Structure formats: structure tokens, C-alpha cells
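Engineer: Residue numbers (the numbering used here), protein chains in the order written: chain A, 1 to 246; chain B, 1 to 491.
The reader is advised that the hints may include incorrect statements.
To be verified - Once the Cα atoms are required to be at most 27 Å apart in a straight line, the calculated BS3-like pairs of lysine-lysine come out as: (1) A/Lys-109 - B/Lys-487; (2) A/Lys-3 - A/Lys-61; (3) A/Lys-109 - B/Lys-323; (4) B/Lys-244 - A/Lys-75; (5) A/Lys-19 - B/Lys-145; (6) A/Lys-61 - B/Lys-318; (7) B/Lys-145 - B/Lys-172; (8) A/Lys-109 - B/Lys-145; (9) A/Lys-109 - B/Lys-172; (10) A/Lys-75 - B/Lys-323; (11) A/Lys-79 - B/Lys-318; (12) B/Lys-145 - A/Lys-79.
Claimed, not checked - Label-pair distances were calculated between CB atoms; the ranges are: (13) B/Thr-331 - A/Glu-233: 53 to 59 Å; (14) B/Thr-331 - A/Gln-74: 20 to 26 Å; (15) B/Val-329 - A/Glu-29: 31 to 37 Å; (16) B/Ala-332 - A/Glu-233: 57 to 63 Å; (17) A/Ser-141 - B/Arg-479: 49 to 55 Å; (18) B/Glu-335 - A/Glu-29: 53 to 59 Å; (19) A/Ser-112 - B/Trp-283: 40 to 46 Å.
Quick caveat, the hints were computed from the structure, so don't treat them as lab data.
Predicted model only: the values in this text are computed from it and were never measured.
Idealized CB from N, CA, C, for every residue including glycine.
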Amino acid sequence: MTKPVIEVESLAKSFGDNKVLKDITEKVEPGQVIVVIGPSGGGKSTFIRCLNLLETPTAGKVAFEGQDLTTLDQKSVNKLREKMGMVFQGFNLFPNMTVLENIKLAPMKVKSVDDAAATKRAHELLKRVGLDDHADSFPSSLSGGQAQRVAIARALAMDPKVMLFDEPTSALDPEMVGEVLNIMQELAKDGMTMVVVTHEMGFAKEVADRIWFMADGYIQENNTPDQFFAHPETDRAKDFLSKILM
Amino acid sequence: MKKRFGLLLAIIVALFMTVVPLSTQHAQAADNSLEKIQKKGVLVMGTSPDYPPYEFQATVNGKSTVVGMDVQIGKKVAKDLGVKLKIKSMSFDSLLVALQTGKIDMIISGMNPTPARRKNVAFTHVYYQGGYDIVINKADKAKYKNKDSFKGGTLGAQTGTTQYNAVKKQTKNTASKGMTSQSDLILALQSHKLDGVAMEKPSAEAYTSNNKNLAAIPSDFDMSSDATSSAIAFRKGSTSLVNKVNKTVDQIKKENLVKKQYLPAAGKYLKTNTVNTSMGHYWQAFATGVEYTLIITVCSVFFGFIIGILLALARTAKGNIFKTALRWVSTAYVEFIRGTPMMVQVMFVYFGLGLFVNLPALTSGIIAISLNSGAYVAEYIRGGINSVNIGQTEAARSLGMSNGATMRYVVLPQALKNIWPSLGNEFITLIKDSSIVSIIGVTELIYQSNIVRSDTYRGVAPIVVIMVLYFILTFTASRILNYFERKMQHD
Ligand SMILES: Nc1ncnc2c1ncn2[C@@H]1O[C@H](COP(=O)(O)OP(=O)(O)OP(=O)(O)O)[C@@H](O)[C@H]1O
Ligand SMILES: [Mg+2]
Numbered sequence: 001m002t003k004p005v006i007e008v009e010s011l012a013k014s015f016g017d018n019k020v021l022k023d024i025t026e027k028v029e030p031g032q033v034i035v036v037i038g039p040s041g042g043g044k045s046t047f048i049r050c051l052n053l054l055e056t057p058t059a060g061k062v063a064f065e066g067q068d069l070t071t072l073d074q075k076s077v078n079k080l081r082e083k084m085g086m087v088f089q090g091f092n093l094f095p096n097m098t099v100l101e102n103i104k105l106a107p108m109k110v111k112s113v114d115d116a117a118a119t120k121r122a123h124e125l126l127k128r129v130g131l132d133d134h135a136d137s138f139p140s141s142l143s144g145g146q147a148q149r150v151a152i153a154r155a156l157a158m159d160p161k162v163m164l165f166d167e168p169t170s171a172l173d174p175e176m177v178g179e180v181l182n183i184m185q186e187l188a189k190d191g192m193t194m195v196v197v198t199h200e201m202g203f204a205k206e207v208a209d210r211i212w213f214m215a216d217g218y219i220q221e222n223n224t225p226d227q228f229f230a231h232p233e234t235d236r237a238k239d240f241l242s243k244i245l246m
Numbered sequence: 001m002k003k004r005f006g007l008l009l010a011i012i013v014a015l016f017m018t019v020v021p022l023s024t025q026h027a028q029a030a031d032n033s034l035e036k037i038q039k040k041g042v043l044v045m046g047t048s049p050d051y052p053p054y055e056f057q058a059t060v061n062g063k064s065t066v067v068g069m070d071v072q073i074g075k076k077v078a079k080d081l082g083v084k085l086k087i088k089s090m091s092f093d094s095l096l097v098a099l100q101t102g103k104i105d106m107i108i109s110g111m112n113p114t115p116a117r118r119k120n121v122a123f124t125h126v127y128y129q130g131g132y133d134i135v136i137n138k139a140d141k142a143k144y145k146n147k148d149s150f151k152g153g154t155l156g157a158q159t160g161t162t163q164y165n166a167v168k169k170q171t172k173n174t175a176s177k178g179m180t181s182q183s184d185l186i187l188a189l190q191s192h193k194l195d196g197v198a199m200e201k202p203s204a205e206a207y208t209s210n211n212k213n214l215a216a217i218p219s220d221f222d223m224s225s226d227a228t229s230s231a232i233a234f235r236k237g238s239t240s241l242v243n244k245v246n247k248t249v250d251q252i253k254k255e256n257l258v259k260k261q262y263l264p265a266a267g268k269y270l271k272t273n274t275v276n277t278s279m280g281h282y283w284q285a286f287a288t289g290v291e292y293t294l295i296i297t298v299c300s301v302f303f304g305f306i307i308g309i310l311l312a313l314a315r316t317a318k319g320n321i322f323k324t325a326l327r328w329v330s331t332a333y334v335e336f337i338r339g340t341p342m343m344v345q346v347m348f349v350y351f352g353l354g355l356f357v358n359l360p361a362l363t364s365g366i367i368a369i370s371l372n373s374g375a376y377v378a379e380y381i382r383g384g385i386n387s388v389n390i391g392q393t394e395a396a397r398s399l400g401m402s403n404g405a406t407m408r409y410v411v412l413p414q415a416l417k418n419i420w421p422s423l424g425n426e427f428i429t430l431i432k433d434s435s436i437v438s439i440i441g442v443t444e445l446i447y448q449s450n451i452v453r454s455d456t457y458r459g460v461a462p463i464v465v466i467m468v469l470y471f472i473l474t475f476t477a478s479r480i481l482n483y484f485e486r487k488m489q490h491d
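Same shape as in the complex, but just chain A (with noise of 0.2 Å):
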């Protein structure tokens, strides 16, 4: 049996007062794609943060391939984190520095990298997400579609185990969505572990292996796909497939 990738257990976080994540247990296996989906407002964005430790949970254990990141100091939580690439709904790629910049800055920053070779791994990447013509623009000057893949490569840079998505496409125009997609079913395609967080209905039913839905603090369903979407279990999941679908 292999190892899960990604093991949470009785996660839980509050704001103040307000309990966001109330009681998670899940596992993320080796390949896996988790499409985590929910109403605005249920958890989604914190639970996926909680998972690379951005935010910091107020309660139970997140372990990343048997290493729970709670118990662990910062030093190694950095080096963890090398291996869960990261992309924002925002993108944040950093406006002073050209997009093959962007790609290069950690591996040359925190693996040590040497230039000659951080540069050709990033014109790899970059020829990945067919943008190696916009390597000396800076961000500024690319369309979201075109920046949003930018960040994908400055995750895949760092040559991460799994990769987390928050909402990757929601800041995009509607016609940019179709390219940040495609490459992350190609990612898929190419084993990757993902979880992504996401209102593309599409997506989840084509890529997800499973799919996890959130509300009120728990996962309410796991599920595969197929079964979610045709036989949603609870009346949460009802409701929301309800005013989506429409």
C-alpha cells in the first residue's frame, strides 16, 4: 500500500469566534485529483491553506507523506513546502521581476540552483505552458490567462510533490479559463497530485477523481464524480448542485 501523499485528521480552524473548519479527516493518495467545491464562505480557501500551513490551524494534524507540518519548526515547514507547489486565484507573480525571473527565484533562492540551469529548466517550463516567447516580459504586460500560467510554472519549478489550487481560474475573463484549464488536465494527465479548489463544474467531472464537498465547516460528501453529480447524498449537496446547474 502506498503512502497517502496528504493526511488530515480532526483539522480544525477558527477565526476569533468564528469556526471555519470544524472537523476534517481526509486522505489525499499519490495521483489523486481532489476537486474541492462548496458554496462562498464554507472553509474551501482556508482549508486549502491550512494544508501548506499558510494559515495555521487552530486544532488536529496535517501530514505531508507521514510528516505532521503542526508539530514541525519553521525551517522545516519551508522545506515542505518546497514540495506543494501553490497557485493563487490572484496570481501573484512578483511585479519586479520578468516572468523568467519569477520562475527562477526559488529554485536559485532555496534549492541553490545554479543560473545556467534554473534558466534552461524555466524555458522548459515555460515551453509547457507555451509562454516561453513572454520570458523577459514582466507580469504587467501578460493577459491573467497568460499570467495565471505563469504561476503554474513557478510552482512546477520547484518540482513539487502535489500541487494546490485556490480558485485558479475564478479572476479570469471567461475566455482565458479554457487555457489555465488545459494545462492543469495536462498536469493531471502526467500524474501529478492536485487538489484544487474550483466553481468549474466541467473540470471536476472530467479530471476529479474525487470529489470533496464543503459546507458549514466539514466535508459533507467524498465522492467520486460520477456518483456526486448524479446522486448527491446529502440535502447540502442538493441544494448546491441545484443553484449551480441551473
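Since the structure of chain A is provided, determine the placement of chain B with the ligands on it from the hints.
Structural biologist: Okay, now just chain B with the ligands, sitting in the frame of chain A:
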């Protein structure tokens, strides 16, 4: 007679009340003052060279030098002690503190031995007995006879001096106007803002003999002889030294050396000064001023920036008790520096730290201004850090970058770009504010212009020159800053 004992001095003295008495007590306990000077081989004389003919700056063999009758006296004192004389210039207000904190060994600066001063320092016998004249425009000579002729008019004098008090107290129906510099007063007189200026006889003589449009009349102030006399000041308790120097002073008086030799010699320098009073003739003085202003500004900006970054980072420190303490201390530091005048900070560093390490005035000035600027820069940087979207930090951390690397490679570069205009402003402000170190005798632009003014008896021309020089400096600086600002734009 100069008798300034300004508020600032009072503050400084209060600051060191706890420390200074220790050193003076020490001197009293074992009086080896004479022996110490002779062993050192150098006698450092403090003076405020803006008071011709007592002491002033003149160009000797192409170099700006302190000269005057007090310098002659200092030379004689040193010679009789068998040591070398070294002259340190500073503002009159700073002299007493400088003596008490050991920056200088004695004061010869037309200082009169008032009872208040006697409490703090030891005086020799009086070496010169002066008196007061009133300088007027020659055209008014028929109108004025003495202090009582100015009813309905205005009399000026240097603030904080004995003659200033006399003008205020011993005239009736006459307005009094105080200014800090003798040259300003003369200028005000010539532009008819004042009807007369009360000053010491030797000074009055110097002004009238160098300016054909001025004349001197007797003041007829009622003065105790104590208030019109000059004596040399030493640290309290230096009895052996004072006794020895008194012998020199007595000889000077007996042989009437001041009138016979020192004043005429000083007058000669005044003449060489006034031969050519064109500003071009003084370009070297201004060049020195520009040089020091630039040295101070550039060094202070550099160190201030480093201090600012460290403080800003310390202010964002969170976590354990140590980090919280660090944050607390840096916050307190920033608030304290921003809440106290830079002038006091400059004096604190020069005189205060001077008790423990002997820092030259320039170094002290740079330290003080860097420390001051650092507090302001820290606030700009903190604002700059806050202005960088939190998403930038999250992206960097999610890539495995440490907090430090994130700051250094991602946040600070963007913060700096955002606050570049503010930093530039700070730089330009520093060019101007560096003038504050003139009070501890650093020869930057303001100091140099004051010297040129008292040298040439021309009030306005040096001001115009330094205005233009300051403008050239600040304008050039802002052009350079704009260039870098443009280079940082990536659009
Ligand atoms: N840093 C924070 N401080 C305080 N409250 C927060 C913070 N972040 C999130 N919350 C609260 O936590 C709750 C869940 O927010 P979260 O962003 O995780 O929801 P979400 O499911 O991602 O919603 P959306 O679909 O709108 O992105 C919300 O009520 C939000 O106000
Ligand atoms: Mg969200």
C-alpha cells in the same frame, strides 16, 4: 560681552548632571591638571570665531584660519606652559559643555566671568577689560549721542549677551531687537531696520574701520566691571593650572600686550579680510562647505537607510518574548527620536558619547543624523512593507522561501520602489538639515557661510551664495533620484 547660556545648554547640562559632577569631583579630589596638560603636550582651546577682533576666521596663506586677539593670548598661554596650542571652533553655546565634557581644555572666547559661570568652571584673572559702543549709520551721526538718544527707535544687540540685557533694561521708550549674529545686526542697521547696534568696543572699532558708512558712539551703559571683562575658563578644580596661567595673564596685563600687540595684529587680519570681499574670493570656503555638507548627507543617508531597514524589520518581529522585546524597543526608539529635536540629538551624541569615547565633531554629526534619519526611514519602510500585497509574501512562502528570503528578494524590493519618492524626500531634507551640525563646529555650508559673513561684513551675499549652492545640490539630487525612479518602472 558674550554671555549666552542658552536653553539648549541648560538641557544638555541637565542631561549630564549625573555624569559630569563625577568627572569634576574627580578633578577636585586630585588636582593634577597642570601635570596632565604638560604630559599631554597639547592644550586644546575652544572658541567661537564669529566675534572680531576677539576671534574670527581669516584666510592666511590661502587657508581659512582662526585668528584674533584671543588666539594670540591662547598662543602665549600654551607657550608659557611649554605645550602646543590646538584650536577647536564651535558655537558659543557649546563651549561650556565642551569644556566640562573634556572636548576642550580651556575657553578663550571673549567670555566674561559671571557668577553663574563661576559655579561651573574656574576662571583666570581678567585679561581684557572692555566696554560698549553703539554702532550707527554715519549719516545719523548728528542725531545720536549715546544710549538715551534712541527714544522711539530700535536698538539691536546679540541675543543672550550682556549688552543685550543692558539694551533691554537701561533704555527708555526704545525698542530692543536681538539677533544671534553680529553680521545680521549690522545688516539690519544698514537696511535701517535698526537705528543702532550695541556691541563691545573692539568689535565696534573693527566694524567702523572696515565700513566707511558706519560710525561708533559711546553707549554710556552702567556696567559693573565684571560684566565687561574677559577671562580664560578651565575645568572646575584645576587650581594648579589656573594658578600657572594667571602668571601669564598678569604679565599680559602688566605689559599691556593686548592693546600694544594683539589688537593691532588682529586688525591686520581684518584688513586682509576686507581687501577683497567678493564671494569669488571665498570660493574655497564655500567649496569646503559643499564638501562637508555632501559628506554628512551621503554618509547619513547610507547609515540611516541601513538603520531604517533594521528598525523596520525589528518592528515587524513577532513570535517569542525576545522578538516582542525587540519590537517594543525599536518602536520606542522610533517614537523617541521623532519626538526630540535633531539639534539636541546632535549635541547629545557629541557631548554625551564624548564622555566615553572621544568622537570628532564630524563623526558625531554623522552618527547623530544617521540615528535620526534611521527612525524616519524606518517608518517609510514599514509603510512600504505594508503596501506590498500579502499575496506576494504568501506566494514566496508557498515556494518554500524563508521569511528572510521573502523579505529580501520579494517584499523589500517592491516596498522600496513604492517608497522611493519618500526616501528621496528624506535625502533632500537631509541635505538641508545637515546644517544643524554647524553648532558643533563642523565646517558645512551654513557654518562656512557664517564665517564668510563675519569675515567680510557682508550680510546678504554669502546667504545668496549658499541658497544657490543648496539649490544646486538638492536639484541635482532630485534629478538623480528621478532617474532611478524611472529605471525602476517596469511598464
Ligand atoms: N484571515 C481571516 N481572518 C478572519 N476571518 C477569515 C480569514 N480568512 C477567512 N476568514 C473567514 O473564514 C470564512 C471562510 O472563508 P474562506 O475564504 O475559507 O471561504 P471559501 O470557501 O474559500 O469562500 P469563497 O468561495 O468565497 O472563496 C469566512 O467567513 C471568512 O470571513
Ligand atoms: Mg476561497
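Engineer: With reference to the structure, classify each hint as holding or not holding.
Structural biologist: Tested hints:
no., hint, result
1, A/Lys-109 - B/Lys-487, "holds (24 Å)"
2, A/Lys-3 - A/Lys-61, "holds (16 Å)"
3, A/Lys-109 - B/Lys-323, "holds (25 Å)"
4, B/Lys-244 - A/Lys-75, "violated (71 Å)"
5, A/Lys-19 - B/Lys-145, "violated (92 Å)"
6, A/Lys-61 - B/Lys-318, "holds (24 Å)"
7, B/Lys-145 - B/Lys-172, "holds (15 Å)"
8, A/Lys-109 - B/Lys-145, "violated (84 Å)"
9, A/Lys-109 - B/Lys-172, "violated (80 Å)"
10, A/Lys-75 - B/Lys-323, "holds (17 Å)"
11, A/Lys-79 - B/Lys-318, "holds (21 Å)"
12, B/Lys-145 - A/Lys-79, "violated (91 Å)"
13, B/Thr-331 - A/Glu-233: 53 to 59 Å, "holds (55 Å)"
14, B/Thr-331 - A/Gln-74: 20 to 26 Å, "holds (24 Å)"
15, B/Val-329 - A/Glu-29: 31 to 37 Å, "violated (50 Å)"
16, B/Ala-332 - A/Glu-233: 57 to 63 Å, "holds (59 Å)"
17, A/Ser-141 - B/Arg-479: 49 to 55 Å, "violated (28 Å)"
18, B/Glu-335 - A/Glu-29: 53 to 59 Å, "holds (55 Å)"
19, A/Ser-112 - B/Trp-283: 40 to 46 Å, "violated (55 Å)"
In terms of the numbered hints stated before, the structure departs from hints 4, 5, 8, 9, 12, 15, 17, 19, listed from lowest to highest.
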